[in-house]
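Enquirer: Residue numbers (this note's numbering), protein chains in the order written: chain L, 207 to 519; chain F, 56 to 325.
Quick caveat, the hints were computed from the structure, so don't treat them as lab data. Note that the Cβ used here is the ideal one computed from N, Cα and C, for glycine as well. Certain hints may be false.
Stated by the list, open to error - One side of the interface only, derived from the structure: several residues of chain L facing chain F at Cβ under 7 angstroms:
#, residue
1, Val297
2, Gly333
3, Gly476
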Amino acid sequence: MAGPLSYPRADGLTGRLSDLFWRRPGVLLALLLAPPLLWLGVIYIGSLFALLTQSFFAIDEFTGMIRREFTLKTYGELFRPANFDIIVRTVSMAASVTLASVVLAFPIAYFAARHARGRWKVLFYLGVMLPLWSSYLVKVYAWKLILAKEGIISWALQGAGLGFVLDGILSLPVIGGNSLSVSYIGTFMVFVYVWLPFMILPVQASLERVPVNLIEASGDLGASSRQTFVHVILPLALPGIIAGSIFTFSLTLGDYIIPQIIGSSRLFIGQAVYAHQGTAGNIPLAAAFAVVPIVVMAVYLWIAKRKGAFDAL
Amino acid sequence: MRSDRSGASLTLKCAAIGGLLFLHLPILLIFLYAFTTEERSYQFPPPGLTLQWFAVTWNRADVWTALSLSLKVATVSTAIALVMGTLCAAAMVRTRFFGREVISLLVILPIALPGIITGISLRSAFNLAEIPYSTFTIILGHATFCIVVVYNNAVARFRRLSGSMIEASLDLGANSFQTFRYVILPNIGTALLASGMLAFALSFDEVIVTTFTAGQQSTLPIWMLNELVRPRQRPVTNVVAMIVVLVTFVPILAAYYLTRGGEDTAGHGK
Chain L
207 MAGPLSYPRA
217 DGLTGRLSDL
227 FWRRPGVLLA
237 LLLAPPLLWL
247 GVIYIGSLFA
257 LLTQSFFAID
267 EFTGMIRREF
277 TLKTYGELFR
287 PANFDIIVRT
297 VSMAASVTLA
307 SVVLAFPIAY
317 FAARHARGRW
327 KVLFYLGVML
337 PLWSSYLVKV
347 YAWKLILAKE
357 GIISWALQGA
367 GLGFVLDGIL
377 SLPVIGGNSL
387 SVSYIGTFMV
397 FVYVWLPFMI
407 LPVQASLERV
417 PVNLIEASGD
427 LGASSRQTFV
437 HVILPLALPG
447 IIAGSIFTFS
457 LTLGDYIIPQ
467 IIGSSRLFIG
477 QAVYAHQGTA
487 GNIPLAAAFA
497 VVPIVVMAVY
507 LWIAKRKGAF
517 DAL
Chain F
56 MRSDRSGASL
66 TLKCAAIGGL
76 LFLHLPILLI
86 FLYAFTTEER
96 SYQFPPPGLT
106 LQWFAVTWNR
116 ADVWTALSLS
126 LKVATVSTAI
136 ALVMGTLCAA
146 AMVRTRFFGR
156 EVISLLVILP
166 IALPGIITGI
176 SLRSAFNLAE
186 IPYSTFTIIL
196 GHATFCIVVV
206 YNNAVARFRR
216 LSGSMIEASL
226 DLGANSFQTF
236 RYVILPNIGT
246 ALLASGMLAF
256 ALSFDEVIVT
266 TFTAGQQSTL
276 PIWMLNELVR
286 PRQRPVTNVV
296 AMIVVLVTFV
306 PILAAYYLTR
316 GGEDTAGHGK
């Protein structure tokens, strides 16, 4: 008696569940969302709260134990000159790394988005993806080989009779050092190298979305290619640049391995966090230091969102 | 070379290709160093070439222990991330509900915030809850930041999957589970495989979060980090580095070939 209005009988548990999902889509939604939300909510957000809580504790100066009561003393310590220097140093490094990444990434992204076709497109895509995904430590290690005193850069410059250039750069105050691998210049180069793909991809994505007819219109209206670039292409690529800068900025702020392996002995935020939670056992101060990148990034993300950067991710 | 009538200028071409070389030459250099005879420094050019370090590395038990821990952690984390990421993507794609934006932020957060934040947060949580460090704590951390990889890939594929396919399946009498098994899964399968590979590569390489969530154990990246900070036998590190590069290239290339195009996804042409 299967009339046009009859339904196949739902039988068994799976059938009855399916009917329930159909009648109450909310139940299905809740069931789908529950496991990932529980995981992220409990493990991740829970942990962030644990971190935040710890940062409001302080270490007892006499016993060296953590006193579990609310205080802002630990945050006050961040403003001591030695600690504040670390913050300033890290933020300025993050800013210069971001600027350099934009300059290096733009031509690659532009070429890949607007000129590369077919095989070249694939080559550029994989050419960015492979370094992006290949091992972070291996990349850092490669630079240790490159920047070493006896490494390829010294060898090449000396071979070209330009050894004095390197010596000149290394003798600069603050950013110089004994060799490239123990100087800020070295740290900077490695940061730029490691995070560059994170800048290329969003910039390329935003450039790909610039309509060709806008560029043609600009040319037809008499703009030179330079004017077209400054007034049409650049503003439209800006969300992509900001999206990329979120990565380069945030990743530099939080990294503690690159400055530890390549750089001078002066600390960055990440190293301070690591040192305070490890040997020093001062978890509250480590937590307070870790809150700094969160605050900086929150401000940064807020600005980025207002500029519409998230559409380019 | 169509769009811009003038074509790419020479400067642009040089800058673009120079940029790509800048990204690749350092990695290639590692390959050369894996064969060097020089043991005590990073001398360039290598004074001689040899294959002996491959044998030395093969016989190092610590490398094997670290490798097997890394593989184990990456496998379990990937499996967890696949389930969590797919569930989340399925829920987010076709529905609008209160708090949706918050959830998408929540998924992205572990990768948007610096790794050290994730690391120190987990560590202080383990500390407060008095959970001892083990393989389990490493996996907790890795799975958390792998979810976003799966989620992103799965969401992209779900969007291309036409809703009428699912409705047709339900109209023809299949229940939700059958629809998932016979309609949805075949269509999102390659995306899941690809994201699983990327998640695996991500976990296999991860070092920052791991330094905070591992106790005395070493994953392969931790082993490398220790060798970088206090080198014992530099050529062995060179060989391991080279192998890591080769091993991670495979899933990345495979993931690319699995997700490229995508015109074959059912319902795409709608």
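Enquirer: Now look at each hint and say whether the structure bears it out.
Expert: Hint-by-hint comparison with the structure:
| no. | hint | in the structure |
| --- | --- | --- |
| 1 | Val297 | 13 angstroms, violated |
| 2 | Gly333 | 5 angstroms, holds |
| 3 | Gly476 | 5 angstroms, holds |
Comparing the model with each numbered hint stated earlier shows that hint 1 is the single one that does not hold.
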